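So you can see what is in the structure, the chains are spelled out below.
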Amino acid sequence: MMAEVAAAEAQGLRRVASAAARPRRAPWRRDGRTAFLLLAPTLAVFGVFVLFPIVFSFYLSFQQWNLFSGAHTFVGGANYRAVFADPEFWQVFRNTAVYTLATVPLNMALALGVAVLLARRMRGKRLLRAAFFTPVVVSSVAAGVIWRWVFDPNLGLFNVSLGALGLPAVDWTSNGTSAMAALIIVGVWKTFGVNMVLFSAGLSGIPRQYYEAAAMDGARAWGQFRHITLPLLAPTTLFVLVLSMIGSFQVFDIVFVLTRGGPLGATKVLVYYLYEHAFKYFDMGYASAVAYLLFALLFAITLVQIRAFRNRGAGAV
Amino acid sequence: MSAARLQLAARAGGRVATHLLLYGLAVATVAPFLWMVLTSFKDLAEIFAYPPTWWPERFTADNYVAAFEAAPFGRFYLNSLFVAVTVTLGQLVTCSMAAYAFARMDFRGRDLLFYLFLGTMMVPAHVTMIPSFMVLHWLGLIDTYGALILPGLASAFGTFLLRQFFLTLPKELEEAAFLDGYGRFRVLWQIILPLSRPALATLAVFTFMGVFNDFLWALVVVNSQELYTVQLGLSIFRDRYSTEWGSLMAGSVVATLPVLLLFVFAQKQFIQGIALSGLKD
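Protein chains in written order, with this note's numbering: chain V, 1 to 317; chain W, 1 to 281.
These aren't lab readings, by the way, just hints derived from the structure by calculation.
Please note: incorrect hints may appear among the correct ones.
[Claimed, not checked] Examples of chain W residues lying across from chain V (beta carbon under 8 Å, computed):
id, residue
1, Leu21
2, Val123
3, Pro124
4, Thr128
5, Ala154
6, Val220
These numbers were taken from a predicted model, which means no experiment stands behind them.
Beta carbons are placed, not taken as given, at the ideal position from N, Cα and C, and that holds for glycine.
Let's have the full structure, built from the sequences with the hints guiding it.
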């Protein structure tokens, strides 16, 4: 976001400069109407399905709203109070937090490790990168179905492998803790390819001379990683961290297919809770309150992380 | 051995270890897909045999036949392809028009509007989902193709991506065209778009994948089986036949194939698109 602001300022300056350099308007610049025509389709769709919903959702969160009868009444903060008073909301919140706090560090460590190793010159790089990226492009529904088979208690690949290593089989579906572990494994597997690509892009921006200089000073691989790679990669790391947190907090598809939030709600997450209230109970006001709480939470997480990085002097972000 | 040779040997050893680690991880990453494909070609007896086999002893297409008999996957497929292709083409048109206006034209409120666009990318999709559903309900469009297609016909991300690309194109070509009497639309169509193939390809591939793989929105707005997308159909199939692994794996192969094929041929566009948007699950 800081980058955006900086870009906005730069663009503003450029516009001032170009306006000064262009004293008269060219004859073909009757722009207003044409611009409107060009923007019209996007504005129409965007207005109806993005801008209106953002505002209306906020309004809805203060209403008791029945979708089918259309009856609605203003209830003030009652929806928000009801959400906070619902023990299930807190369980769902805790589940989502556990999922996020486990998935994000694992995901980032794996992605960074792979990106650093892949940054060297080697044969088969494209193939390897494609392999790591494949889970990203595959639908979450298919991924969920495949992993249910992999986690099958009797014949699944996972338990068979554990057995081959002499380890006891794990019941992945009927025990809450192992169901969450299964979800975390699938979550990391499904998304670390995105972070790998982002880290690779960040790594390619670090000038080679830094490493050459460090090598001349006798720094080994680990020292180079700690003193050059990590600090110079900080802006990318922040970006990846924020995106990963936001993504993890909104996990839904794999939960729906893999565990259905079970057993006994042990893997039910925030968006699942929102989905149920909106589209199973059709309680649009309540569900909108949940949606806005999610929005506020993600916004707060983003701000806190940006601030934390800035205080550590990790460079301009 | 001299110190120099020892060092060389150590470096070679390190390189071998790196390769082993990376290839091992890569195999582990794609193992679930291999397992899916191989399972889908095994007969029932072999699927439920213990210990499990990797390579099918006898290849059979029975699971595919069973899956297509149990659920109209062919129909689901056509639905998914129709929706994904329509949205992709629609977005290419709407996004390039809007992006051109933002990149090249002067009009009041342009920058404000543009940053409003960008700002909405921060709002989670789940905030807009409920009112979007209600709008479609009021319009009587729930459970129609319209519900699957209309909300996808504009994209802040796509507009942003194309605008950034258009800004890199030299202005001189356009200015020459204006002097020849071209209008804005003709310039966009005949000069800008042909030069923007890489960006358009990235957006197309990326949008197609997003729509083809989408699940939650289809789950919310579609009820009738005739309108099921592949992902929705597979999810329902998973509920109904929860342990028929052969058919389920065949269904999963079917549901992943188009995007996987596209990925094989357009790896670069996928990776660019995702690196640009940082899209997650």
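Structure-based check of all given hints:
1. The interface hint given for Leu21(W) holds, since its Cβ lies 7 Å from the closest Cβ of chain V, which is under the 8 Å cut-off.
2. The interface hint given for Val123(W) holds, since its Cβ lies 6 Å from the closest Cβ of chain V, which is under the 8 Å cut-off.
3. Because the closest C-beta pair between Pro124(W) and chain V is about 6 Å apart, less than 8 Å, the hint holds.
4. The restraint placing Thr128(W) at the interface with chain V holds, with a minimum CB-CB distance near 4 Å, inside the 8 Å limit.
5. Restraint check, Ala154(W) versus chain V: the minimum CB separation of about 4 Å is within 8 Å; hint holds.
6. Among the interface hints, the one on Val220(W) holds; its C-beta lies about 5 Å from the nearest C-beta in chain V, closer than the 8 Å criterion.
When each numbered hint is compared with the structure, no violation occurs for any of them.
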